[in-house]
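Just so you know, the protein sequences line up as chains A and B, in that order.
Here the first sequence is numbered in our numbering, starting from 1 and rising by one per residue.
Here the second sequence is numbered in our numbering, starting from 1 and rising by one per residue.
No wet-lab data here; the hints were simulated from the structure.
Mixed in with the good hints there might be a few duds.
Heads up, the list lumps identical chains together, so a pair's fine if it works in one copy or across two of them.
Claimed, not checked - Derived DSBU-like pairs (lysine-lysine); straight-line CA-CA distance at most 35 Å:
{"#": "1", "residue 1": "LYS237", "residue 2": "LYS266"}
{"#": "2", "residue 1": "LYS237", "residue 2": "LYS153"}
{"#": "3", "residue 1": "LYS153", "residue 2": "LYS239"}
{"#": "4", "residue 1": "LYS53", "residue 2": "LYS266"}
{"#": "5", "residue 1": "LYS53", "residue 2": "LYS192"}
{"#": "6", "residue 1": "LYS239", "residue 2": "LYS192"}
{"#": "7", "residue 1": "LYS361", "residue 2": "LYS239"}
{"#": "8", "residue 1": "LYS53", "residue 2": "LYS315"}
{"#": "9", "residue 1": "LYS361", "residue 2": "LYS153"}
{"#": "10", "residue 1": "LYS86", "residue 2": "LYS266"}
{"#": "11", "residue 1": "LYS153", "residue 2": "LYS192"}
{"#": "12", "residue 1": "LYS307", "residue 2": "LYS361"}
{"#": "13", "residue 1": "LYS239", "residue 2": "LYS354"}
There are 2 protein chains.
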Amino acid sequence: MCGKEQATPVSKSFAPTKSSLDAITRINDDRIINLDQGDPMMFETYWNQMGDKCTVEISGYEWMSYFADAGNLCWFLLPGLGDAIKRLHRTVGNAVTEDRYIVVGTGSSQLFQAALYALCPPDALRPVSVVSAAPYYSCYPQLTEFLRSSLYKWAGDAYAFEEEGPYIEVVCNPNNPDGIVREPVVNRDDGKVIHDLAYYWPQYTPITFPANHDIMLFTFSKCTGHAGSRIGWALVKDKAVAAKMVEYMTIATIGVSKEAQLRAAKIMQVITDSYLDLAPKDVELFFEHAKRAMADRWKRVREIVAKSEMFSLPKYPLEYCHFSSNYTMTNPGFAWFKCKDDIGDCSNLFRRHKILGRSGKFFGVDAKYCRLSMIADEESFNLFLRRLSAIVETNDVPSGL
Amino acid sequence: MCGKEQATPVSKSFAPTKSSLDAITRINDDRIINLDQGDPMMFETYWNQMGDKCTVEISGYEWMSYFADAGNLCWFLLPGLGDAIKRLHRTVGNAVTEDRYIVVGTGSSQLFQAALYALCPPDALRPVSVVSAAPYYSCYPQLTEFLRSSLYKWAGDAYAFEEEGPYIEVVCNPNNPDGIVREPVVNRDDGKVIHDLAYYWPQYTPITFPANHDIMLFTFSKCTGHAGSRIGWALVKDKAVAAKMVEYMTIATIGVSKEAQLRAAKIMQVITDSYLDLAPKDVELFFEHAKRAMADRWKRVREIVAKSEMFSLPKYPLEYCHFSSNYTMTNPGFAWFKCKDDIGDCSNLFRRHKILGRSGKFFGVDAKYCRLSMIADEESFNLFLRRLSAIVETNDVPSGL
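My request is simple: use the sequences and hints to build the entire structure.
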């Protein structure tokens, strides 16, 4: 399952390449645009407008202990962050938090690993199969395989899964890379499900119901755009599973940075207060701003794509969003491009035009697909639009493809 | 190698037990004192005196990106933290930083795992053996075994290691739990060495030379007492090893909290400035304060222990400390108690007196040893001294032992 492409995972997932370095340091039209990762810099504009409303101050003598809340199952969770998470979910209506254990993590990737650890018996004779319906998030296989654990193994596309015995299905909803609403597909009694709800926020998708699953993962990165903080959280129904996840976090990193938790709590509280009329309304509400900005980006991309038959993008149904109280469209954090058949390798095409995306083959599907970030900084996004226009208008498939 | 005790690792290492919860919430003489973990709260007094000198302020719009320094091999390391680490080491003289790669981690436990990942070939037929001379830090076996990786396996005491083939030796210097100066003991050509220098700071031990090893791990927790920040760093000689450690960090947690890095950088810069006469001298210098406080605690513990033959503690040679420019004593972060033979289980004895320590059996040696933290908060430490006096003076081995 973990083929050649997994052997050099980082260049295909996260670490900056020579190209992305160029993208950051050289500001001109000729630079390479890195849309491979989902670095959510588009939201920086909003937080700039907010000025010092979310500023946190931490003195040298504060939060020195490993412990944040010794009475809590998750002993390293700041009570203020736990409260902020619950308030935010109640305000948005995207997840049930009552009677749930909150486990904080260094981003949701770490909590994914914690969940695998929690769901796999330490003494099983065979590793538990981990599956997800293709196209699946490219980091799931990597996170499952990189330490060659004998607790679990990556078993690929959930649609094709036929092995007997216990398994774990990861359901990403709305799905990364394609934004589609997802449900479990294996549905056997011996299965456990991890719901990755990183993008279940109003700027990306209609909030159709409060999610109420056994293990739900969220990340601060995609909620507010604060990727640098490395804060994720899990809402967990079962106490024993939550305790095992905390055990994982305890061994792996002895908890989570208190500074990052403090800042995440502050930012979440400011957002929630603004929705509850507890704060002055001199700045647009966060999710309204973010939703408008995402919709605008998607409109512009779709307009360009519609000019030719080179590419297609997924279509999403209009659905009633209980948060917005109206019918809204899905505007995912990634655009899932499909090239027409004679182009072949979609990410190669973009690469030749100095646009870095991630090939469909890392998501368990064909190379005619390519995932491009829709949440990059304004300048990169505008430059991307200009190049995409040029590709589409000239029908310019560079030579050598 | 990974026996029953490893199956419930957390209660034996880090997570708060019902007892430690009591220790935190009940402030009276009857409470249980948790000296099991090395929560470095004794240094809080110093940072309180420093008032706002180390305060950091972070606005909502700052440090949102995953990236901190895309041009650096360690692309998530804040340049300010890299600089602060180098300046601090140059000031203290405890490690060579020239021509070294710095890899930042979520505490040094995470970097230990990153080093294992970096040193073990992904396609080896057999897991690489990981050893450390007993008594070894109780978390090494746990960190090596908890995911049942087939890249590496815990192979126990380095003194007893006779297996052929590649191996990794972890050298903790000065050693946790016993404070002894350590060197590698296996010394074969097919071995790699990880040096854990968590306690190689002037408050714990004489700085006899600038350490100059291939992989050196440090942690902010034990350097300044800021355990809550979860900041560790590795100084790595070989570029390919550093790159693989960065790869581990990229997959496992997509880097390290920027907020924690900012605060660590600020605190290290304040310490270094104070030694370089760049700051006003209205507060004692950090390492002088910390060294004095550690020496004072050790003196008080040794005075009590000397009153009977119930316990013994390691003796350390007086050595020349290049940082202090005089002969100084080792005053480790942990006291490594040895009970006389007829007592038997040392941690049980302490537990009956409501003192939680960690049994020698978790360090690969006999239960007549027990590790107790010497860096707890003032109140806990004073209460510990009173109870230790009572045990020693009454020769009070509680019934039922």
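Consistency of the hints with the structure:
1. LYS237 <-> LYS266: within (26 Å within a copy, 40 Å between copies)
2. LYS237 <-> LYS153: Result: close both inside a copy and across copies, 24 Å intra and 33 Å inter.
3. LYS153 <-> LYS239: Classified as both: same-chain Cα gap 25 Å, cross-chain 30 Å, threshold 35 Å.
4. LYS53 <-> LYS266: Classified as both; 9 Å inside a copy, 23 Å across copies.
5. LYS53 <-> LYS192: Close neither inside one copy (41 Å) nor across copies (50 Å); limit 35 Å.
6. LYS239 <-> LYS192: within (15 Å within a copy, 41 Å between copies)
7. LYS361 <-> LYS239: Intra 37 Å, inter 30 Å, cutoff 35 Å: inter-copy only.
8. LYS53 <-> LYS315: neither (38 Å within a copy, 55 Å between copies)
9. LYS361 <-> LYS153: both (19 Å within a copy, 33 Å between copies)
10. LYS86 <-> LYS266: both (13 Å within a copy, 32 Å between copies)
11. LYS153 <-> LYS192: This pair counts as both: shortest intra-copy Cα distance 14 Å, inter-copy 28 Å.
12. LYS307 <-> LYS361: Classified as within: same-chain Cα gap 26 Å, cross-chain 71 Å, threshold 35 Å.
13. LYS239 <-> LYS354: Between copies only: 28 Å across chains, 49 Å inside a chain, cut-off 35 Å.
Hints 5, 8 from the list above are not met by this structure, while the remaining hints are.
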